[in-house]
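J.: Chains as they are written, first to last, in my numbering: chain A, 1424 to 1685; chain B, 13 to 305.
Bear in mind the hints are in silico, worked out from the structure with no lab data behind them. Take the hints with a grain of salt, since some may be wrong.
Taking lysine-lysine pairs in the DSSO-like style, the calculated list, with each CA pair at most 30 Å apart, reads [said to hold, decoys possible]: (1) A/Lys-1430 to B/Lys-83; (2) A/Lys-1610 to A/Lys-1559; (3) A/Lys-1664 to B/Lys-83; (4) A/Lys-1473 to A/Lys-1535; (5) B/Lys-161 to B/Lys-207; (6) B/Lys-206 to A/Lys-1507; (7) B/Lys-105 to A/Lys-1664; (8) A/Lys-1507 to B/Lys-204; (9) A/Lys-1598 to B/Lys-14; (10) A/Lys-1473 to B/Lys-115; (11) A/Lys-1559 to A/Lys-1513; (12) A/Lys-1598 to A/Lys-1610; (13) B/Lys-207 to A/Lys-1507; (14) B/Lys-286 to A/Lys-1457; (15) A/Lys-1507 to A/Lys-1559; (16) B/Lys-204 to A/Lys-1473; (17) A/Lys-1430 to B/Lys-14; (18) A/Lys-1572 to B/Lys-136; (19) A/Lys-1507 to B/Lys-223; (20) B/Lys-286 to A/Lys-1664; (21) B/Lys-83 to A/Lys-1473.
The primary structure of each chain is shown beneath.
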Amino acid sequence: MACNGVKAFVEEAEILENRMLAEDYYIMRVKSPKTAEVALAGQFSMLKPKNEIRILRRPISIHSVDKEKGEMEYYYEVLGGGTKDFAILKIGETINIQGPLGVGFDLNIENKNVVAIGGGLGIAPLKELLNQLKDKNKVVHIAGGRSAKHLGILSSFDESIETLIATDDGSLGKKGNTVDILKEYLKENKVDIIYTCGPHIMMEAVARVAKEHGIRCQVSLEERMACGVKACMGCSIPTTKGMQKVCYDGPVFEANEVIDVE
Amino acid sequence: MKNPLMTGSGTFGWGTEYSDYFDPNDLGALVLKGLTLEARPGNPGTRLAETPAGMLNSIGLENPGVEVFEKETVEILRSELSGTHSIANINGKTVEEYVELAKRIDAIPEITAIELNISCPNVKDGGMAFGANPEVAGRVTREVRAVTKKPLIVKLSPNVTNVVEIAKIVEENGADALALINTLLGMAIDIKRKKPVLGNVFGGFSGPAIKPVALRIVYQVRKATNLPILGMGGISCTEDVIEFMMAGANTVALGTGFFMNPNLATEIIEGLNKYCEENGLENISEIVNAVHR
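Let the sequences and hints guide you as you build the complete structure.
T.: What follows is the structure, encoded as structure tokens:
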């Protein structure tokens, strides 16, 4: 089980929805009651490509969890063979999922000023995070992408959550990037914790801003994986605590343990 | 051993990582991740790549070193894995290191046997270099043999011209069993970056794609020796296990197959039971060497 005590399963999940939001970004909703019952924001599943020539499962962030209905959502980008296999799955077909895996975001947060910053595909795990924190905290979502088309995922989020947007081409929100928005936001607002997920270079920049302001920051990393359970050591990264596994000790880490570490 | 199923070193961590999916004590024996005397962080950069019906790994023997193994891992073997056998896989950069490590492992009662890894393709010194040279392979086997009474399994590399020659030499020098095969040596290239995918450039190639090579080597070695053979390489279903046993393997190891299907061991145990029933066998071991008779 993950080092946070959450047990994992292999579950054959029925596809309830699988549609392209824009530009190769898809949202998939599945019926997976066993996994949904225990899954936590920031954890991920290992999804098995149907084509047997692709033997490795793909680690995909959990986008949202509905414990009552026993459903989960994944938001993914078609990048290669495995994700292409996912995109052609139809409603009623099944996908084999292993999980939930890893250590998710710290949800033991109450009465705090929270910022969740996502870039591109990194926006995926923030939906469940924000859903879990919004009732007891002041939450702000900063989302960045290449263009308006690339941010179709925002329609999946709770409308009532304050959302600040940046696009490279300015077609939605501000022209610029999420780090610019964060810096602006911090001029006027007190923030107690920053969660971030996205391109590594973005998370590094966010982590540095957080450090400069003395704000706690959690990052969600990704790494190629084979087993997903700390058995193969394929996803090891150097941290201040020695070599750790993104699949088991992560994917969420304290930024100061993994950013700018040799 | 309760059944012929074992694990491929490096695919099954320290024995308990797959416990959410099945009880590791259900396996006949566990071969643990490779150990070295000193702690190793493993290779930097990308360690994994998928290939058609296979994968490459270049982990680089990341392990906490024998001292931590003695102090911490052995406690877990004792408390959680007493229902099966645990086998230590040992690695060294020099013959002296192999011997020193073998002595330390020999003193651990929780370890049933030692697997001598002279075929790891992912470390700069040692590993495969030992297994490719018949004289060196013989010497390291002999010197490790001299310091341990535990059953000694020698794991051979397929990346040599003549595996049978190496097999015979390690047998002559005291091997009790042979593990065939370690991974094939391969690579992948990222055409966008124009660089190798793996940080270590080369890596070990495993998975269903290599099964024909592994089977061929088990078959060839069986023709040349009566030593017990632990066969592995691309096993992903019950039928694969049966092929390996018919080719000459007394036991088999699952490795990459676990990544594909965490429930693989459970399915194969059921599958072998069913095969025995359907074929009027009292024990699956009756099919060992079937293709050679």
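J.: Run every hint past the structure and note whether it holds.
T.: Status of each hint after checking the structure:
1. Between the alpha carbons of A/Lys-1430 and B/Lys-83 the distance comes to roughly 27 Å, so the proposed pair stays at or under 30 Å and holds.
2. Note on A/Lys-1610 and A/Lys-1559: the hinted pairing holds, with a Cα-Cα distance of about 24 Å set against a maximum of 30 Å.
3. In summary, the hint linking A/Lys-1664 to B/Lys-83 is supported, as the alpha carbons are separated by about 19 Å, within the 30 Å threshold.
4. With a C-alpha separation of about 43 Å, the suggested pairing of A/Lys-1473 with A/Lys-1535 is violated against the 30 Å cut-off.
5. Between B/Lys-161 and B/Lys-207 the alpha-carbon distance is near 47 Å, which puts this suggested pair outside the 30 Å criterion.
6. Restraint check for B/Lys-206 and A/Lys-1507: satisfied, since their Cα atoms lie roughly 24 Å apart, inside the 30 Å limit.
7. Taken as a hint, the B/Lys-105 and A/Lys-1664 pair is honoured in the structure, with Cα atoms around 26 Å apart against an allowance of 30 Å.
8. Straight-line distance between C-alpha atoms of A/Lys-1507 and B/Lys-204 comes to about 19 Å, which keeps the hinted pair within the 30 Å bound.
9. A hinted pair counts as satisfied when its Cα atoms are at most 30 Å apart, and A/Lys-1598 with B/Lys-14 does not qualify at roughly 65 Å.
10. Between A/Lys-1473 and B/Lys-115, the direct Cα distance comes to roughly 47 Å. Violation of the 30 Å bound is thereby established for this hinted pair.
11. This hinted pair does not check out: A/Lys-1559 and A/Lys-1513 have alpha carbons roughly 38 Å apart, beyond 30 Å.
12. About 19 Å separates the Cα atoms of A/Lys-1598 and A/Lys-1610, which keeps this hinted pair within 30 Å; it holds.
13. Restraint check for B/Lys-207 and A/Lys-1507: satisfied, since their Cα atoms lie roughly 24 Å apart, inside the 30 Å limit.
14. Between B/Lys-286 and A/Lys-1457 the alpha-carbon distance is near 29 Å, which keeps this suggested pair within the 30 Å criterion.
15. A C-alpha spacing of about 39 Å is found between A/Lys-1507 and A/Lys-1559, which places the hinted pair above 30 Å, so the restraint is violated.
16. Between B/Lys-204 and A/Lys-1473, the direct Cα distance comes to roughly 26 Å. Compliance with the 30 Å bound is thereby established for this hinted pair.
17. Proximity of A/Lys-1430 to B/Lys-14 is assessed by CA-CA distance (about 27 Å); at most 30 Å being required, the pair is judged to hold.
18. Among the hinted pairs, A/Lys-1572 with B/Lys-136 is inconsistent with the structure: their alpha-carbon atoms are about 47 Å apart, more than 30 Å.
19. Distance hint between A/Lys-1507 and B/Lys-223 is fulfilled; the C-alpha atoms sit about 27 Å from each other, no more than 30 Å.
20. Proximity of B/Lys-286 to A/Lys-1664 is assessed by CA-CA distance (about 47 Å); at most 30 Å being required, the pair is judged violated.
21. Of the pairs offered as hints, the one joining B/Lys-83 and A/Lys-1473 is violated, with about 43 Å between alpha carbons and a cut-off of 30 Å exceeded.
Checked against the numbered hints above, the structure breaks hints 4, 5, 9, 10, 11, 15, 18, 20 and 21 and satisfies the rest.
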